[in-house]
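Participant: These protein sequence lines are chains A and B, in that order.
One point on numbering: in numbering that gives the first Met the number 0, the residue at position 389 of the first sequence is 388, and numbering is uninterrupted.
One point on numbering: in numbering that gives the first Met the number 0, the residue at position 224 of the second sequence is 223, and numbering is uninterrupted.
By construction, these hints were calculated from the structure, which means they are not laboratory data.
Any given hint could turn out to be false.
Since the list gives no way to pick out one identical chain from another, each pair is judged satisfied if it fits inside one copy or across any two copies.
Computed list of lysine to aspartate or glutamate pairs in DMTMM-like fashion (alpha-carbon distance at most 20 Å, straight line) [as the list claims (entries may be wrong)]:
1) 204 / 172
2) 4 / 278
3) 284 / 88
4) 248 / 58
5) 33 / 81
6) 76 / 406
7) 8 / 124
8) 348 / 396
9) 92 / 139
10) 4 / 58
11) 8 / 67
Given next are the chains, with one letter for each unit.
2 protein chains.
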Amino acid sequence: MLLSKILYKTQKNLPTDEISLNAKLLLQACFVKKEIAGVFSYLSLGLRVISKIEKIVREEMNAVGGQEILMPGLTPKQNWLDTGRWGMDVLFKTTGVTGSEYALGATHEEMVTPIAKQFINSYKDLPLSLYQIQTKFRNEERAKSGILRCREFKMKDMYSFHETEEDFEIYYEQVKQAYINVYNRLGIGDNTIVAVADGGAFTKKLSHEFQTFTDAGEDLIYVCEKCNLGMNKEVIEKFDYSCNVCGNKDLKTRKAIEVGNIFSLETKYSEAFDLTFQDKTGNKKNPIMGCYGIGITRIMGAIVEVSHDENGIIWPESIAPFVYHIVALGNSENVSNKSKEIYNSLTSKGFDVLLDDRDESAGTKLKDADLIGCPNIIIIGDRNLAENKIEFKTRKDNKTELKDISEII
Amino acid sequence: MLLSKILYKTQKNLPTDEISLNAKLLLQACFVKKEIAGVFSYLSLGLRVISKIEKIVREEMNAVGGQEILMPGLTPKQNWLDTGRWGMDVLFKTTGVTGSEYALGATHEEMVTPIAKQFINSYKDLPLSLYQIQTKFRNEERAKSGILRCREFKMKDMYSFHETEEDFEIYYEQVKQAYINVYNRLGIGDNTIVAVADGGAFTKKLSHEFQTFTDAGEDLIYVCEKCNLGMNKEVIEKFDYSCNVCGNKDLKTRKAIEVGNIFSLETKYSEAFDLTFQDKTGNKKNPIMGCYGIGITRIMGAIVEVSHDENGIIWPESIAPFVYHIVALGNSENVSNKSKEIYNSLTSKGFDVLLDDRDESAGTKLKDADLIGCPNIIIIGDRNLAENKIEFKTRKDNKTELKDISEII
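Could you build the full structure based on these sequences and the hints that come with them?
Facilitator: The structure is reproduced here in structure tokens:
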């Protein structure tokens, strides 16, 4: 795409009403627009990143047998009464012209369980795993940290249904591995740890968080380097500040952002909605349920927090808005033609390519390329073209080398 | 995919609380689940159709230079006060824990205009065309007609910004053609007509609807067969029941569903938000705006209304949940192996294939295949396999022929 044709404008001044670094960079680089505290629009560049994150998450959820569905934002009051959660502070509520009251979906156990009930009768219908990538609404008292904690955000939420505790535990481990795959593919695998969240290995109820280390994180995680395992504050207090697997007392503390969580719902919701199945012996039972969340838009913010430098964002290739960013310097016909030739060549090979064709100074264009943060920057100017060369910059290490045009095309 | 692994269950009884045919068929075939009147969940089969409709719409909007963005559902009260629309009955409203009031986006002029304002300063920044595929909320008094008129639905809404009326009119015609492309690709081109909606050719304000003929339609359209043009009731009254292009008085009336609309917003919203640009002579002006909508989920319902028979849905190939539906009859090893071989062969060629591997009777499986409505049904049974043949049924005309397996693989 041409930079002149997408929503982008060099911003002279950093926004002053946002203190978090992810919001500053995403606003300055025109990935998002802030609408209200905790509510953002996703502009052309930002939506490209979101779509790529969604694709990776979708592929990994499909790989563990998740079926994608789409549940609504308007959810009926009765379902929340059935589970005793209508009073939750976090619910936005609205009333229809007919007088019916609705909650805006902050989470979807109240909707997915009745769906499962329509399709589950027998143990033969289990296991079942349903997920959606959908907009959540949460009535947060204080929206903060840019797009990390929002009042409206995109989330992947998956719910599984099982015949036995054993079957649930096997699936839980599969999903845990799928989550690790997601973070590896998103380029934050090395910074992300599995953390025991709720009582840990010695209690029945499984619960883990995926925590990405960054000083911008709201959470404090205790890390056992022997086990490569994190623990949150509640867990560690129960275990007298030692690793709840190996007993190691030499734990490091690190700040982190929660980028996903998985946990058992036991039979809380299957009981609430009287969701039962007939087991092999003909007895009626409630399926064990699991819940697995990833904040899609939050991930975008978390990645900006862990992957940037003083000049801007540094996107991992897998979710960069464009893999190549071509900077055409000056306005000679030669630069313009060669830029388009390289643009067409890379595009025809299936790469996402951005061409900065704007009538801006070299300094502005190079600064904007660093800010936007595509992984490969191709700089095309008259001087190098005279020798059939272009400058090739990798944004990750900011190293530049001269390459023959033939190497690129 | 395997039918045993997706949300599908043979429904013995038609739902009784829905009178519209699209809802009956979509509910019975497990494409959707009704949550509240006018609010549906999209199940595995339904979401596949929705995603394919979205892909076609997205490609055609990109082709006319539309930039995809994503605006929020929670929209600030102030923006609606600025345009005088906070009092609209159709708005769902909610209040945050901080006391802030929001409308749930029923349409997005109030959000897109301030976004455009951030990027438009000069005539050089025009034209600009922004669209989203996003969830809309409308506080309808009476939700009816299945998924045709909902309280929550997915919509593609595009907004364009222009320097001059002439530029707007040229773009408007391009989008009109893009819409025609969309309906052709969705398989309803032959049933869909462009209808003049608002004063017509002799007024300044352009406004057209795209109307798909079906007796289930809520709208009555007057059709001039000479011009291949429709007119709605308001327009035709102004023109004394004659074609407003050729004057033809022999107009036919037909019932239809509105599957899209395009219209001028003139400068109503650019004025309301003080969105201006500097023209070539240095004067400040408000851009002319256009608005272009397609109801994504409504389209799914409209297609069911126009494309079905007494046995079920007949999906056009471009948006069918699966292109091939393999019905494995009986449970012999030979049938099971050959079914999987054909399934793997077609899948590896990139087709979307559904294999009914359930332990159900031949009658149930064949009935369910007709109900689900995939365009090509491959029926595999022992008797035909003995001669290396399978039955190939095209759902559109319900014609069946024997084919050699080698023709399929």
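Participant: None of the hints should be skipped; say for each whether it holds.
Facilitator: Hint check:
Taking the shortest alpha-carbon separations for residue 204 and residue 172, only the intra-copy value of 13 Å comes in at or below 20 Å, while the best inter-copy value is 60 Å. Taking the shortest Cα distances, residue 4 and residue 278 sit within 20 Å of each other only across copies (19 Å), while inside one copy they are farther apart (59 Å). With identical chains, the CA atoms of residue 284 and residue 88 are never at most 20 Å apart, being 32 Å at best within one copy and 46 Å at best between copies. When the C-alpha separation of residue 248 and residue 58 is checked against a cutoff of 20 Å, the pair qualifies neither within a copy, at 39 Å, nor between copies, at 57 Å.
Taking the closest pair of Cα atoms, residue 33 and residue 81 come within 20 Å of each other only across two copies (18 Å); inside a single copy the shortest separation is 36 Å, beyond that limit. Proximity of residue 76 and residue 406 under a CA criterion of 20 Å is satisfied in neither setting, with 62 Å inside one chain copy and 55 Å between copies. Proximity of residue 8 to residue 124 under the C-alpha cut-off of 20 Å is restricted to the inter-copy arrangement: shortest distance 10 Å between copies versus 53 Å within a copy. Proximity of residue 348 to residue 396 under the C-alpha cut-off of 20 Å is found in neither arrangement, the shortest distances being 25 Å within a copy and 41 Å between copies.
Taking the closest pair of Cα atoms, residue 92 and residue 139 come within 20 Å of each other both inside a single copy (13 Å) and across two copies (17 Å). For the homomeric pair residue 4 and residue 58, the shortest alpha-carbon distance between copies (17 Å) is at most 20 Å, but the shortest distance inside one copy (31 Å) is not. In this assembly of identical chains, residue 8 and residue 67 lie within 20 Å of each other by CA distance solely across copies; the values are 17 Å between and 37 Å within a copy.
In this structure, the earlier hints numbered 3, 4, 6 and 8 are contradicted, and the remaining ones agree with it.
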